[in-house]
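Enquirer: Next come the chains, spelled out residue by residue.
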Amino acid sequence: EAQVTQNPRYLITVTGKKLTVTCSQNMNHEYMSWYRQDPGLGLRQIYYSMNVEVTDKGDVPEGYKVSRKEKRNFPLILESPSPNQTSLYFCASSLSRGTGELFFGEGSRLTVL
Amino acid sequence: SQQGEEDPQALSIQEGENATMNCSYKTSINNLQWYRQNSGRGLVHLILIRSNEREKHSGRLRVTLDTSKKSSSLLITASRAADTASYFCATDTGGSYIPTFGRGTSLIVHP
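Which chain is which? The protein sequence lines are F and Z, in order.
Under my numbering, think of the first position of the first sequence as 13, with each following residue one higher.
Under my numbering, think of the first position of the second sequence as 331, with each following residue one higher.
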């Protein structure tokens, strides 16, 4: 089954404790992206990747890192989480930039205390 | 930065009625997409309309695009309680082709 898998789905952590949210897709997609969703603000793009070893900042990259060492994986790293990073995070992928349909993971709800 | 803005923010209707939501954007687009999100779940792609298209249909969904007004509408005909969800438009512009999402319309369909 074609899917985008995120882990963990739920996480409560404390300020400053490094964490990684994994994202994996099984569709051989070139383009992958991370979004955060906050009430009243919709989806905002954090980082995106056009292909392996190619990543770029979205609209709200501060406090986040990403890597794309393999085509299928695109982890989101919070080196020193802060309470303002409490949010619902989504990973998405598409065949390539400009091909339209994004496939989304089920989301990772992160709470930073 | 958010390119598209949906209107209304919230919509409440009875089962069987039609639901119309709109998306306005600021700069010329390549494509406009509509997505659906059930509460707290991942977004699901509904339909894509290209800048040179004016109307597309998919089942009970009808999407129109008016590039002169920089707006699009999503019509759901004969709505069902299962259509209760948030609906987002996403636009991509210029050479980036990277979709930017609006804040969404929350639709409630009462049985």
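Don't read these hints as lab results, they were simulated from the structure.
We put the beta carbon where it would ideally sit given N, CA and C, even for glycine.
A few of these clues could be false.
Each computed SDA-like pair below joins lysine to any residue, with the alpha-carbon atoms no more than 25 Å apart [as the list claims (entries may be wrong)]: (1) Z:K356 to F:K77; (2) Z:K386 to F:P73; (3) Z:K356 to F:P73; (4) Z:K400 to F:D71.
Here are some of the chain Z residues that sit facing chain F, going by a computed Cβ distance under 8 Å [claimed, not checked]: (5) N361; (6) Q363; (7) S369; (8) G370; (9) K399; (10) F418; (11) G424; (12) Y427; (13) I428; (14) P429; (15) F431; (16) I438; (17) P441.
Take a look, some chain F residues computed to stay more than 12 Å from chain Z by CB distance [claimed, not checked]: (18) G28; (19) N38; (20) L55; (21) S92; (22) T111.
Enquirer: Determine for every hint whether it applies to the structure shown.
Expert: The hints, checked one at a time:
1. Z:K356 to F:K77: violated, 30 Å
2. Z:K386 to F:P73: violated, 35 Å
3. Z:K356 to F:P73: Given that 25 Å is the threshold and the Cα spacing comes to 23 Å, the pair holds.
4. Z:K400 to F:D71: Roughly 22 Å between the alpha carbons, so the hint for Z:K400 and F:D71 holds.
5. N361: holds, 6 Å
6. Q363: At 6 Å from the nearest chain F Cβ, Z:Q363 passes the 8 Å test, so the hint holds.
7. S369: Since the shortest Cβ distance to chain F is 11 Å, the answer is violated.
8. G370: This interface hint holds because 7 Å falls under the 8 Å limit.
9. K399: violated, 21 Å
10. F418: holds, 7 Å
11. G424: violated, 11 Å
12. Y427: Since the shortest Cβ distance to chain F is 3 Å, the answer is holds.
13. I428: holds, 6 Å
14. P429: holds, 6 Å
15. F431: Holds, about 4 Å.
16. I438: violated, 17 Å
17. P441: For Z:P441, the interface hint is violated, since the closest Cβ of chain F sits about 26 Å away, which is over 8 Å.
18. G28: The claim stands: F:G28 keeps its Cβ more than 12 Å from every Cβ of chain Z (closest is about 27 Å).
19. N38: holds, 15 Å
20. L55: Violated, because the least Cβ-Cβ distance between F:L55 and chain Z comes to about 4 Å, which does not exceed 12 Å.
21. S92: For F:S92, whose nearest Cβ neighbour in chain Z is about 26 Å away, the distance exceeds 12 Å, so it holds.
22. T111: violated, 8 Å
Consistency with the previously given hints fails for numbers 1, 2, 7, 9, 11, 16, 17, 20, 22, ordered from lowest to highest.
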